[in-house]
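Since the structure of chain A is provided, determine the placement of chain B on it from the hints.
Heads up: the protein sequence lines correspond to chains A and B, in order.
Residue numbering for the first sequence is 20 to 385, as defined by this note's numbering.
Residue numbering for the second sequence is 20 to 385, as defined by this note's numbering.
FYI, nobody ran anything at the bench for these hints, they're computed from the structure.
Accuracy of the hints is not assured; some may be wrong.
Identical chains share a label here; the pair holds if one copy fits it or two copies do between them.
[Said to hold, decoys possible] DMTMM-like, lysine to aspartate or glutamate: derived pairs with alpha carbons at most 20 Å apart:
#1 257 to 96
#2 257 to 284
#3 103 to 219
#4 311 to 243
#5 112 to 243
#6 77 to 218
#7 311 to 288
#8 221 to 180
#9 311 to 339
#10 81 to 93
#11 77 to 339
#12 311 to 284
#13 60 to 225
#14 103 to 218
#15 103 to 184
#16 221 to 102
All of these numbers come straight from a predicted model, not from anything done at the bench.
There are 2 protein chains.
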Amino acid sequence: MSVQNDQTKAGAGSTVISVDAMGGDRGPAAVVAGISLSAKKNPDIGFILHGPKDELEKLVAKRKPLLGRVQIRDAQDVVLMTDKPSNVMRHGKATSMWSAVDSVRAGDADVCVSCGNTGALMALSMIRLRKLPGVNRPAIAILWPSRNPQGFNVMLDVGADIRADEQDLLQYAMMGASYARNGLALARPRIGLLNVGTEENKGRAELKAAHDLIAAAAPNGNFDFVGFVEGGDIPGRKCDVIVTDGFTGNIALKTGEGTASLIGDLMKEAFKYSPLSRLAAVLAYTSLQRLKKRIDPRRVNGGVFLGLNGTVVKSHGSADATGVAAAVKLAFQLSQTGFSQKLAARVASATAQAKNAGTDQAESSD
Amino acid sequence: MSVQNDQTKAGAGSTVISVDAMGGDRGPAAVVAGISLSAKKNPDIGFILHGPKDELEKLVAKRKPLLGRVQIRDAQDVVLMTDKPSNVMRHGKATSMWSAVDSVRAGDADVCVSCGNTGALMALSMIRLRKLPGVNRPAIAILWPSRNPQGFNVMLDVGADIRADEQDLLQYAMMGASYARNGLALARPRIGLLNVGTEENKGRAELKAAHDLIAAAAPNGNFDFVGFVEGGDIPGRKCDVIVTDGFTGNIALKTGEGTASLIGDLMKEAFKYSPLSRLAAVLAYTSLQRLKKRIDPRRVNGGVFLGLNGTVVKSHGSADATGVAAAVKLAFQLSQTGFSQKLAARVASATAQAKNAGTDQAESSD
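Okay, chain A solo, but in the shape it has when bound (with noise of 0.2 Å):
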């Protein structure tokens, strides 16, 4: 195992992230362009680097942000995108990811980020760090742009599990709901459950028996239920947390990103097409830069796996320096909230009350 137990904290930084250097599409030098913007605007953050000493090391040293702020850690295999999860557990000791998720197993960060193979980073992070006590399925939540006032929306799960009975999809709700205190800062968020119709007698089995079991635990949950929601409200500002089974979710989350860049090209061709609409594109640039930020998915680049012992942001894999800022930042935040123990604390009274009085849930602590 590559991973050296050096306990010490990188660099400066008081909020320490390990950070996964390869397997991204577009290698470790974007990673390293990446956390040197994320420490040139945030002086509280160190990083721990994970992957091979020689390369990290040249990157690093032309980075000066990262000038004493940065501990690599040597790794000298990576993890492909076209590797098998359960190879990646059997044979992945020297790879960078698996040094990556155990440094928040040994507790040297809080929070790990990597822009490698989804499927091995999750089977990963399952055996490394475990599920929480209570947790059956863990979740990759997302932030999504909304209309509503904090401007993102949260679903989950996005694609950890093609499945979800209705005890899974309370944990989801739950999970999603301290996410999006924590992560969004909303002191009630409201949760809303994926279905085709909002009326209570749609859908299939899970979903009516999720929608009571969500409907109970919310009034000592800290959290609102608006019932179920549809796929138009993804985007919109009737709840802030969308609950719903990790395939339909993840067929959302790219039908959504789909057609959000197909229409972004059609502007772009819209514009090129005649001289007047070429001058009124100049014209309109802040403009158009202005909505391109407000929906740049680089900019909430990150889905969370929530429901392990700790937290693991799961950057895009064609991340660019921007992008890996972007998760670097969630992760920051996510550290600074004590995200971790929290969710941790609410799961396990969660299942603690359930165990004791049936169907309520969860108390209201954050």
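Only chain B this time, still in chain A's reference frame:
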């Protein structure tokens, strides 16, 4: 029952469309304005219009293009958006929707158009038109703006049924291929099966089984099978027809619509931000109108019910005149190509072959 068993074709048009004037959010005035637009553009359409005779006669009399081209069938009751499908099936004989569907049943029109309650329209279509022999679950197919040369992809099912097993998904593939040949004039449509990844080992058990069934049916089925596709491929160029169950398809459709609507609103805000951006908006007006037209959901208005003895086009409940005209245009196209008959022949032949030859499911008729 309010339907007159009048076999005369309506008006001068050679192709007759049965139109439910009631049940849309904007009332019969919008529907009559819509069919008037269609009549003006296309001299070959005639209409059978269903609803309260007195009211409709007044509305039709105001529209010159409709002179002599509309036959009104009196139906005093209206299916409301809040009506339960089961109730409409039992007590809906006097409604305009029932009457509109029955014109197809009687052979007076090939295709019916309604802006009303989707669930009730599907339920009525099922009991009045009945499923094609060999079809287990009918499906609703929609057109989705895409990067393909034809400008749109087909997706089905988007909500006829929340369940679909591998045999249903195979039938959706064949029906979708038939729709793409007749509605989009694609000689050999490319079919994709929606999943959370493109690897063959991904997804639910029924998806893996459907993958093999559709692949086996493709060589004789006049379509190509590209395998699993992801949410991002729905507006993409990888395939022309996206096959999925009605739960997932409905969520994807509404997520895409919601995302497009959010981007549209944010774009408007961006252009109101400063005097310079307002000037840019004026100059960009025609470019933005062109973009709007390209992705305007009203212009691809119409979910098509497939798998019944006759074709039903479900227009958006909130459709205005432009939306209704788009639905009528689609209905006209499908009437012209003899789509209902071709689809029936194809399903019948595939069913016969399946009985004889196991997985060898389709032949090369249209």
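So, going through the hints one by one against the coordinates:
{"no.": "1", "hint": "257 to 96", "result": "neither (46 Å within a copy, 34 Å between copies)"}
{"no.": "2", "hint": "257 to 284", "result": "between (29 Å within a copy, 17 Å between copies)"}
{"no.": "3", "hint": "103 to 219", "result": "between (40 Å within a copy, 13 Å between copies)"}
{"no.": "4", "hint": "311 to 243", "result": "neither (32 Å within a copy, 37 Å between copies)"}
{"no.": "5", "hint": "112 to 243", "result": "neither (43 Å within a copy, 42 Å between copies)"}
{"no.": "6", "hint": "77 to 218", "result": "neither (59 Å within a copy, 37 Å between copies)"}
{"no.": "7", "hint": "311 to 288", "result": "both (16 Å within a copy, 12 Å between copies)"}
{"no.": "8", "hint": "221 to 180", "result": "between (23 Å within a copy, 11 Å between copies)"}
{"no.": "9", "hint": "311 to 339", "result": "within (16 Å within a copy, 31 Å between copies)"}
{"no.": "10", "hint": "81 to 93", "result": "within (18 Å within a copy, 81 Å between copies)"}
{"no.": "11", "hint": "77 to 339", "result": "within (19 Å within a copy, 63 Å between copies)"}
{"no.": "12", "hint": "311 to 284", "result": "both (12 Å within a copy, 13 Å between copies)"}
{"no.": "13", "hint": "60 to 225", "result": "neither (45 Å within a copy, 49 Å between copies)"}
{"no.": "14", "hint": "103 to 218", "result": "between (41 Å within a copy, 11 Å between copies)"}
{"no.": "15", "hint": "103 to 184", "result": "neither (26 Å within a copy, 27 Å between copies)"}
{"no.": "16", "hint": "221 to 102", "result": "between (40 Å within a copy, 14 Å between copies)"}
Comparing the model with each numbered hint stated earlier shows that hints 1, 4, 5, 6, 13 and 15 do not hold.
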